[in-house]
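Undergrad: Please build the complex by placing chain B on the supplied structure of chain A, with the hints as guidance.
Spelled out from the first residue to the last, the chains are:
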Amino acid sequence: MICDRYQELLSADIDGELTDSEQHDLQSHLHECAACRRKCDAMREQHELLSSSVAPSQPTGLRSKIKARIGIREHNGLGEPCFIGHILHRSGVGTRIAAKKSVAGPTIGPWGRA
Amino acid sequence: MQSSRQIELGLIPRCQRGEADAFDDLYGRFGDAVWRLCYRMAGTIADAEDLAQDVWVTVWEQIGSFRCEAAFHTWLYRVASNVCLQWLRKRTHTPTCSLEESCRASSSTPEAEVVRREGVKRLLPALAALPDSLRLPLVLRAGEGLSYSEIAEILDCTTAAAKMRISRARAALAEAMKEEEA
Chain A
-9 MICDRYQELL
1 SADIDGELTD
11 SEQHDLQSHL
21 HECAACRRKC
31 DAMREQHELL
41 SSSVAPSQPT
51 GLRSKIKARI
61 GIREHNGLGE
71 PCFIGHILHR
81 SGVGTRIAAK
91 KSVAGPTIGP
101 WGRA
Chain B
232 MQSSRQIELG
242 LIPRCQRGEA
252 DAFDDLYGRF
262 GDAVWRLCYR
272 MAGTIADAED
282 LAQDVWVTVW
292 EQIGSFRCEA
302 AFHTWLYRVA
312 SNVCLQWLRK
322 RTHTPTCSLE
332 ESCRASSSTP
342 EAEVVRREGV
352 KRLLPALAAL
362 PDSLRLPLVL
372 RAGEGLSYSE
382 IAEILDCTTA
392 AAKMRISRAR
402 AALAEAMKEE
412 EA
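One line per chain: the protein sequences are A and B, in this order. Position 74, counted from 1, in the first sequence is what my numbering calls 64; the numbers after and before it change by one each time, with no gaps. Residues are numbered in my numbering as their position in the second sequence, beginning at 1, plus a constant of 231.
Derived by calculation from the structure, the hints in this document are not laboratory data. There may be inaccurate statements among the hints.
Pairs of lysine-lysine, DSS-like flavour, derived with a Cα cap of 25 Å [said to hold, decoys possible]: (1) A:29 / B:352; (2) B:352 / B:409; (3) B:409 / A:29; (4) A:55 / B:321.
Derived list of chain B stretches under chain A, where covered just means 3 residues or more per stretch with a C-beta under 8 Å from a C-beta of chain A [stated by the list, open to error]: (5) 259 to 266; (6) 269 to 282; (7) 347 to 354; (8) 374 to 382; (9) 396 to 407.
Pairwise CB distance ranges (calculated) [unchecked claim]: (10) A:-7 / B:296: 42 to 52 Å; (11) A:28 / B:236: 36 to 46 Å; (12) B:300 / A:21: 43 to 53 Å; (13) B:238 / A:28: 43 to 53 Å; (14) B:322 / A:55: 11 to 21 Å.
Note that the structure is predicted; figures quoted are calculated from it, not measured. Idealized CB from N, CA, C, for every residue including glycine.
Looking at chain A on its own, in the form it has when it is part of the complex:
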């Protein structure tokens, strides 16, 4: 179907990625083809919805979970880096977890160096 070849041009037009000659070709076709004009409007609406919708915020604590998985040291509120286990121990939370973490050894960077 002749309109099939304009599908990609319609999509690229929404993204501002058409050359001048492609733009001219597309506009000439849209002038004559009601079906493609409707398709163009539908795609623009779809793009507008998708590009303007707002994803929910990151969950609280996601950054901390990631750092814990990586093994990055947390600070103890005094600006001093320490093991995550020490924070848990001082807060009285999860003594067993704290004990296990505190013997884990120094934080290892990404290339195996402490």
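TA: Structure of chain B alone, referenced to chain A:
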């Protein structure tokens, strides 16, 4: 004032040396972008949270391979995209999306907001149902505002291929939304 590029060039080597503060800075700069991508690929907050963790662990493990000649954000999106696709391949449950979580677009009037929310309600299930290989380039383009050439670099394909996938994604989405409406 330092440009973003200069800041990144200072930050990345520190991350490569394993400096925790540098990771914090990096996360501060790119955490939201990675989160958005993970959310739009996974469809729910719970799944996106798992996925985002996997992405950042991989970033941390692989950051030594980043060569500062390229743009960092392109490399980051590539890592995130690969982790997303691998994670989705292993997922056993059917793709879903949380409509409530996504209906937060701002509109000029209450009436316009209602119309927008109705549109989003039709759009998001259709987006979640797209094949991952089509959903990803569309999300990178419409959700993250990346150019075709950036998307091609991220997906390791030609610009023409990226353009075609985005076009196919839009066509599939439009068909699915028409069926929802009917």
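Undergrad: If a hint holds in the structure, say so; if it does not, say that too.
TA: Okay, the hints, checked on the actual structure:
no.	hint	verdict
1	A:29 / B:352	holds (20 Å)
2	B:352 / B:409	holds (13 Å)
3	B:409 / A:29	holds (11 Å)
4	A:55 / B:321	holds (22 Å)
5	259 to 266	holds (count 3)
6	269 to 282	holds (count 4)
7	347 to 354	holds (count 4)
8	374 to 382	holds (count 4)
9	396 to 407	holds (count 6)
10	A:-7 / B:296: 42 to 52 Å	holds (45 Å)
11	A:28 / B:236: 36 to 46 Å	holds (43 Å)
12	B:300 / A:21: 43 to 53 Å	holds (46 Å)
13	B:238 / A:28: 43 to 53 Å	holds (46 Å)
14	B:322 / A:55: 11 to 21 Å	holds (20 Å)
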